[in-house]
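Here the protein sequences line up with chains S, R, V, Y and G, keeping their order. Here the working numbering is used: the first residue of the first sequence is 1, the next is one more, and so on. Here the working numbering is used: the first residue of the second sequence is 1, the next is one more, and so on. Here the working numbering is used: the first residue of the third sequence is 1, the next is one more, and so on. Here the working numbering is used: the first residue of the fourth sequence is 1, the next is one more, and so on. Here the working numbering is used: the first residue of the fifth sequence is 1, the next is one more, and so on.
Some clues are possibly wrong.
Identical chains blur together in the list; that is why a pair holds if it fits in one copy or across any two.
Listed below are the simulated EDC-like cross-link pairs for lysine to aspartate or glutamate, each with C-alpha atoms no more than 20 angstroms apart in a straight line [unchecked claim]: (1) LYS54 - GLU17; (2) LYS54 - ASP72; (3) LYS54 - GLU39; (4) LYS54 - ASP84; (5) LYS54 - ASP87; (6) LYS54 - ASP33.
I should point out that these hints are in silico values taken from the structure, not numbers from a laboratory.
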Amino acid sequence: MLVGTVIGRVWATRKEETLRGLRFLLVRPWRSDEADSAETIVAADPIGADIGEKVLIVFGRAARHAIGRGHDVGFQTAVVGVVDGLDVPLQGRANKDEE
Amino acid sequence: MLVGTVIGRVWATRKEETLRGLRFLLVRPWRSDEADSAETIVAADPIGADIGEKVLIVFGRAARHAIGRGHDVGFQTAVVGVVDGLDVPLQGRANKDEE
Amino acid sequence: MLVGTVIGRVWATRKEETLRGLRFLLVRPWRSDEADSAETIVAADPIGADIGEKVLIVFGRAARHAIGRGHDVGFQTAVVGVVDGLDVPLQGRANKDEE
Amino acid sequence: MLVGTVIGRVWATRKEETLRGLRFLLVRPWRSDEADSAETIVAADPIGADIGEKVLIVFGRAARHAIGRGHDVGFQTAVVGVVDGLDVPLQGRANKDEE
Amino acid sequence: MLVGTVIGRVWATRKEETLRGLRFLLVRPWRSDEADSAETIVAADPIGADIGEKVLIVFGRAARHAIGRGHDVGFQTAVVGVVDGLDVPLQGRANKDEE
Chain S
1 MLVGTVIGRV
11 WATRKEETLR
21 GLRFLLVRPW
31 RSDEADSAET
41 IVAADPIGAD
51 IGEKVLIVFG
61 RAARHAIGRG
71 HDVGFQTAVV
81 GVVDGLDVPL
91 QGRANKDEE
Chain R
1 MLVGTVIGRV
11 WATRKEETLR
21 GLRFLLVRPW
31 RSDEADSAET
41 IVAADPIGAD
51 IGEKVLIVFG
61 RAARHAIGRG
71 HDVGFQTAVV
81 GVVDGLDVPL
91 QGRANKDEE
Chain V
1 MLVGTVIGRV
11 WATRKEETLR
21 GLRFLLVRPW
31 RSDEADSAET
41 IVAADPIGAD
51 IGEKVLIVFG
61 RAARHAIGRG
71 HDVGFQTAVV
81 GVVDGLDVPL
91 QGRANKDEE
Chain Y
1 MLVGTVIGRV
11 WATRKEETLR
21 GLRFLLVRPW
31 RSDEADSAET
41 IVAADPIGAD
51 IGEKVLIVFG
61 RAARHAIGRG
71 HDVGFQTAVV
81 GVVDGLDVPL
91 QGRANKDEE
Chain G
1 MLVGTVIGRV
11 WATRKEETLR
21 GLRFLLVRPW
31 RSDEADSAET
41 IVAADPIGAD
51 IGEKVLIVFG
61 RAARHAIGRG
71 HDVGFQTAVV
81 GVVDGLDVPL
91 QGRANKDEE
């Protein structure tokens, strides 16, 4: 379960049947040093998150539950929340060695 | 669930029975900084993606669903879509620290 | 299954129904060289860990068990313990090449 | 699902009962830039791959299927194919930034 | 499924009920270049491995099987073997580019 930032969208015409009608977002995992990760996750979004918003992402069974099309489906990642805020008191310690 | 680029194919003669007749692609995960990842995923492809095309990749139960040979199979990754386009408004921010 | 340090909290108003009432922590995986990882995991916390405490984190079925809302839920990571102590006799060898 | 090179073997006398009689290989994931990854996966091998051969590796349910000892077992990774060849037309683009 | 070295132990008093009485080890994944990874995995150990020993680690269903407390448990990683020896004929090629 991750927090990530919505950086874009994916379109696919040729796709597995159970993906039809879903909105697929490109999500960049959030790092505590605020550096942008180049790694990118694709997630089905049933909530309607906007570009730039931070979202909660889940995988596997939790994602299938969130989309609500049963378990015989061809996707495995979903948005389950739009983040209002992160409170990170220990963020400042990120990437400092052995204090 | 990832977007990746099809960079090649894999052939295996000695293999688990349930892999017979499937087409296996080498897929390179897409990164938002457009740098090529050297990490490589193997995915069964029921759609017929071409070399150089971007595809949607899933793992586990979703992959078994996409291939449609039941759940007693020896593969775990599959192509579920061929990407028409990526719209990445926030791509430019990739790999820039703490703006 | 990981040990990580609680570095903050996440708030989300718009979220999947089964996430309501849960406390979500931002957790930074512990490394044996004590360097802070920037990678961040989100975990539901049924125990009440404080900022700065080290916790045990699990994923998937174990996380659903720990939260106790059944398996039809939209989360997949949970805190299952608050660490009293780490005893790491071989810690000093971290990041030394080929002694 | 990965392609990797068999770099060695593992022996264990004290082990979980369901691991008895299985051959465990050390496998190094293949990267498209041909650099050797130091990351190493352990996989049960029901096929009989040789040192230096490239193999297809799967995890979880697919691995349990491939070994054929049911699902109440203490291993989770298996060899499901010995690779005859990789055809990688886009390999040359590996690790080049933003062409 | 990984080989790793036992580098220490974890203690937790406040923990999920099904973790009681289990021994939790800190395990560092083995790399073929023998460099110490700083990444650390926590695994329940039913075998009794010592500090410094190399062990086989599994995740998910295989780990629940190895511990033998059923599938409604709050852990997901376990030791399934103590390694007697690694035979790695191709180890010397680790981390050399494109020979």
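Hints, one by one, checked against the model:
| no. | hint | result |
| --- | --- | --- |
| 1 | LYS54 - GLU17 | between (28 angstroms within a copy, 18 angstroms between copies) |
| 2 | LYS54 - ASP72 | neither (28 angstroms within a copy, 24 angstroms between copies) |
| 3 | LYS54 - GLU39 | both (15 angstroms within a copy, 15 angstroms between copies) |
| 4 | LYS54 - ASP84 | within (8 angstroms within a copy, 25 angstroms between copies) |
| 5 | LYS54 - ASP87 | both (13 angstroms within a copy, 17 angstroms between copies) |
| 6 | LYS54 - ASP33 | both (15 angstroms within a copy, 19 angstroms between copies) |
Going down the numbered hints, you'll see the structure goes against just number 2.
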